[in-house]
Amino acid sequence: MATVVGGGGSGNAGGADDQSSVPIRQPVIARPPRPRRTGPELASTPLVVRRREEEETVVTFPSLVWKEFLAGLGAFIFLLVVSIQVNAPLLQRANTAITPNPAKAPWYFLGLQELLERFPPVMAGVAFPSFVIIFMILTPYLDRNPSRRPQDRKVAIALFTIYLCLAVSFVVIGVFFRGLAFNWDWTRILGHPGVKPPV
Amino acid sequence: MSARPTEGNPLRAFASQVWGSIFRHGLPTTDKVAARTALTNFFLHIHPVRVKKSAIRVSYTLCLGGLSFFLFILLTISGLFLMFYYIPSVDQAYQNIKDLQFVATFGLVIRNLHRWAAHGMVITVWLHMARVFYQGAYKPPREFNWAIGTFLLLITLLLSFSGYLLPWDQLAVWAITVGTNMAKYAPIAGPYTRYLLLGGRNVGQGALIRFYVLHVVALPLIGFILMVIHFWRVRKDGFTGGL
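Each protein sequence line maps, in turn, to chains A and B.
Residue 4 is where the first sequence starts when you use the working numbering, and the numbers rise one by one after that.
Residue 10 is where the second sequence starts when you use the working numbering, and the numbers rise one by one after that.
Treat the hints with caution; some may be incorrect.
Some, not all, of what chain B presents toward chain A, calculated at C-beta under 10 Å [unchecked claim]: (1) 30; (2) 121; (3) 129; (4) 183; (5) 229.
DEER-style ranges, computed between Cβ atoms [to be verified]: (6) A:175 to B:89: 28 to 38 Å; (7) A:133 to B:241: 20 to 30 Å; (8) B:68 to A:158: 21 to 31 Å; (9) B:241 to A:95: 45 to 55 Å; (10) A:133 to B:139: 31 to 41 Å.
Just so you know, the hints here were simulated from the structure itself, not pulled from any lab data.
Remember, predicted model here, so these are calculated numbers, not experimental data.
Backbone N, C-alpha and C define an ideal beta-carbon position, used for all residues, glycine too.
Looking at chain A on its own, in the form it has when it is part of the complex (with noise of 0.2 Å):
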């Protein structure tokens, strides 16, 4: 069932006075599918159907409150419960003479350290991280599909899927398949004959 707001629903005003059986809202319903409209069409047509679900509202007070209260209380417990059960990192005092073997920039930077393994520091160090900055920001403006279905937007979920295992990838792959002179190394993971991993 969809309802009509804005536009146009004037266009039904004149209708009315041939006092015919047909309910007013008929031509609207019957209108054919809505065609599927670009960026700059969407921006000027004030017309917004919207199903009468979606409409449904509730007052945020206290059912959205009573929802944040439960998420943030479980999160506090979960980190509680590692907090009391798994310490933070803490090795030797820092000595500026002794480089330890990997050095390994913080896990969620390890993507950048990994680039800097396969490509020339200027375009991992700085092109990269620049682009995939700038690129996100102007995503709203690139991306001229109005539509938010999922089964509208298949290359743009293709892409930023790609995007995103590729950035897990490489992290999973600095933080755990990474050894000594940040080489690859399997025995990390999955140990070796007689040999301690190193840690």
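Dock chain B against the given chain A, drawing on the hints supplied.
For chain B alone, coordinates are given in the frame of chain A:
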């Protein structure tokens, strides 16, 4: 309704007046009272009074934005406790962390909580971004809020990165050395950026105090201001909800 118990009891009448002056509403027994509560309570007025049911479904939001904000608050509070003990000096910082672990009551748990919540926030902010992308929630009219969100993601990473140095152990110093070496590769500006960030050519006292000030004042302040704008725009641009 029975007669008010405050009648003829000055103490109860006073208590009732105090309570009524703080909370302008009763229990949310009806929608009307609930709406008035959201309107008149400072901490609740960040929410709209009514919201589309589909916009707050847990299966839709996954609570990720809210959890990120909750972790930010948790990090602010636990970070405040840590600040009572921590001195950003290369001579004392490491011993302060040791004291937190072994001397200060609950110091170990607070430090652990701060550490794991920081990692958690990096993860929830990333997942929040992915969630918003997959649901196309960045589309007009929310383009600008997506951009603010991008900056918030960067602030989150920088907050975590600047905090990484503070324990002044081998892990901290060498992770920051590797991390800031990446900045060095930018043409022309690279080495200057690294020098500016570290306050010197190596990770030393200059870097520690800079990272400390960035971590406890500058970045949280910038992050907080961006968050306020982010939340305000969520309301002004309208909720998405439902696909």
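Do the hints match the structure? See the list:
no. : hint                       : in the structure
1   : 30                         : violated (20 Å)
2   : 121                        : holds (4 Å)
3   : 129                        : holds (7 Å)
4   : 183                        : holds (4 Å)
5   : 229                        : violated (18 Å)
6   : A:175 to B:89: 28 to 38 Å  : holds (34 Å)
7   : A:133 to B:241: 20 to 30 Å : holds (29 Å)
8   : B:68 to A:158: 21 to 31 Å  : holds (25 Å)
9   : B:241 to A:95: 45 to 55 Å  : holds (46 Å)
10  : A:133 to B:139: 31 to 41 Å : violated (21 Å)
When the structure is compared with the earlier hints, violations turn up for hints 1, 5 and 10 and for no others.
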